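Trainee: Here's the letter readout for the chains.
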Amino acid sequence: MASYSRRRFMKLGANAAFGGLLVYTARGLVSQPSSPPAAEAGSGSAYDLYRPEEHDWAFIIDTSKCIGCGRCARACKLENDVPWEPQCNRTWVERYSFTADGEVSVDSPDGGINGFAVEELPEEVQGKEITKSFFVPKLCNQCEKPPCVQVCPVGATYKTGDGVVLVNRDRCIGCRYCIQACPYGGRYLLPKEHVVDKCTWCYHRITRGQLPACVEACPVGARAFGDLRDPESDVSRVLAEERISVLKPEMGTKPNVSYLDLDGAVR
Amino acid sequence: MMGYVYPNEVEIQWSLLIVLYPFITGLVAGAFVVSSLYHVFNVRALKPVASFSLVMALSFLLVAPLPLQAHLGRPERAFEIFLTPNFSSAMAGFGFIWLSYLILVVAETWLVFRPDIVHHALTSTGPKRLVYRVLTLGAYEISEEARRIDERVIKVLAAIGVPAAALLHGYVGFLFGAIKANPWWSTPLMPVIFLLSAIVSGIALLIVMYIVVMKLLDRPVDHACVSSLAKWLLAFLVLDVTIEGLEILSMAYESEESWEIVSQLIIQRIPISYLGIQLFLGSLIPLVILGALASTLSQARRETATAFAFLAAVLVLVGVFAMRWNVVIGGQLISKSTRGFLSYSPPLGGREGVLAAAAFMMLPFYLFYIITSLIPPWQRVAFEEDEGTPQEEGERQEALPAMGWASSSAELQSGVWSRGGR
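Protein chains in written order, with this note's numbering: chain G, 1 to 267; chain L, 268 to 689.
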């Protein structure tokens, strides 16, 4: 709000400088001190009223709850028109299998969209005694310090006021430097458009007050989403009270996706 | 594929064309450094290749951005890098660094060849005359005083060009070295390694091209010049191999978490191109050859020494190309999960295939041919094709100092220039 008023003030100040109409400036300041632009625009829908800087979104994954059904990944593909090609995933589920002889095996066939109920174990652990196994859902970490934004040569990928990292498809030149820079493998090139795509935490939904599709589709509540500006929200409570960790903290990216019960073998 | 790779990592993102990009810019940097060794640091032995290397640098520099352009998902948006650059991106600097370097190299080449251009503009006929007249940019003044001024500007440009070349290629190394997500790329040494291997590859290609062009034109090879180039190649190769070796040694000794996957990469995924070609064939053998040449140069026959220098240079070029491959492709073979590897073998056809890459690689040589047919560095004044008697060959060699502005103006004007006219 404050920055909006200032912008308005600057704009009007410029007008005044050109016209020398100081009276006009004063009138402008008085008559439109704080009305939001969305209200001026008219429609007044939730989307129009959305102000990124008033939110601080957070995503929490409880790995102990995930059952590897893959509904999240399917819901995401449908909701966001993600191509069904196996190399295009905004979110995916990984299965970790630990054997008695200390081997760790990871797989995520087709990003887990079909679930793991019918998937055979990876070859290297087949027939061996599995001592520990769990699923880890992955998605864009919407990093506080996103390397993808840092390296984009044209500023096509950017961080919004609420912390979500987005890609402007009309600006992306398809150089794929951001894909190289992302430590989490969260980005991919759209096969038809030849521009980069990634998880947006369903930006079109959260800016309307809805949950991301994957969160909504999860039958066991392994994914939680909310606003840290709201001290009553689940995410605020979990981050304040539970022991959490993030992926690859050594990268210094400061992820905004936090994990509960994350095994050290997960990268 | 081997082990676990993230689902989005099915294919590598930067293909063979991106291997060409650092290879080609490296050749530019190296060629330019040789030219400056003569123009700035007065290494007299390099006189025969001083302007030759400048034209070579220009030819490769013109081609350098093309593989990048061809690789973009949306090539038609390439200019956005100039229009809306994001300055926190290393890549955003490319357009500006490349463009300023291009201006510098074009300016220096023009100044070095200006007397020739003016001479051709005054003496040739037909459409050629028009070309040369345009190339003079209207400046016909080539008096002794004008040339002295030119000479001073060339020195300044050549001097600026050395750090500029270092910046151009150090920057390419930074593009890779600054990617912390990739353990095989992420090292502050990357710009230094790229710069040194760039200089090495540029000198090597200069040795190869100089000898080949001289043979093609049936002109004598200046053995002293090749011998000097071989020594410079040796010096930079020693530095290059040392730094590259130190980098791997530190990684292995520290044995951080990432060493596990990096050592697997070296031993299992790229042993032939890294251990075999880059280190053994492209570094060790040339070091032995060049070292032997440097220590026994006085005894060896000059032709033999040149032949061995040629062989070493070819091996160095193969080695540096392998190095570019090992960095660009090798780095991408490692899954960010550090639990597996991707695989890549370039397709033959298509926009990013072997044939396209070969075409891009041929282009600088073609440009070199076009530029040198206008302003041949080995024939600094306008001799006609049918005048090539052996006697004049010798005189031409005499005339060569013109390129370094070392000769007297009298020699330039009376001895050589008048002969060129029709």
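To be clear, the hints were calculated from the coordinates, so they are not data collected in a lab.
Since this is a predicted model, take the numbers as computed values, not measurements.
Misleading hints may appear alongside valid ones.
Stated by the list, open to error - Using 20 Å as the maximum straight-line C-alpha spacing, the simulated EDC-like pairs for lysine to aspartate or glutamate come out as follows:
1. L:314 x L:417
2. G:192 x L:619
3. G:132 x G:250
4. G:248 x L:524
5. L:447 x G:124
6. L:447 x G:144
7. G:192 x L:524
Trainee: Each hint needs a verdict: does it hold in this structure or not?
Mentor: Now the hints, each set against the structure:
Distance restraint check for residue 314 (chain L) and residue 417 (chain L): the Cα-Cα separation of roughly 17 Å lies within the 20 Å cut-off, and the hinted pair is therefore satisfied. Of the pairs offered as hints, the one joining residue 192 (chain G) and residue 619 (chain L) holds, with about 17 Å between alpha carbons and a cut-off of 20 Å not exceeded. For a cut-off of 20 Å, the pair hint linking residue 132 (chain G) to residue 250 (chain G) is broken: about 26 Å separates their Cα positions. For the suggested pair residue 248 (chain G) and residue 524 (chain L), the alpha carbons sit about 12 Å apart, so the restraint of at most 20 Å is met.
Between residue 447 (chain L) and residue 124 (chain G) the CA atoms are separated by roughly 30 Å; this puts the pair beyond 20 Å, and the hint is violated. Between residue 447 (chain L) and residue 144 (chain G) the alpha-carbon distance is near 16 Å, which keeps this suggested pair within the 20 Å criterion. Taking the CA atoms of residue 192 (chain G) and residue 524 (chain L), the gap is near 37 Å; set against the 20 Å cutoff, the hint is violated.
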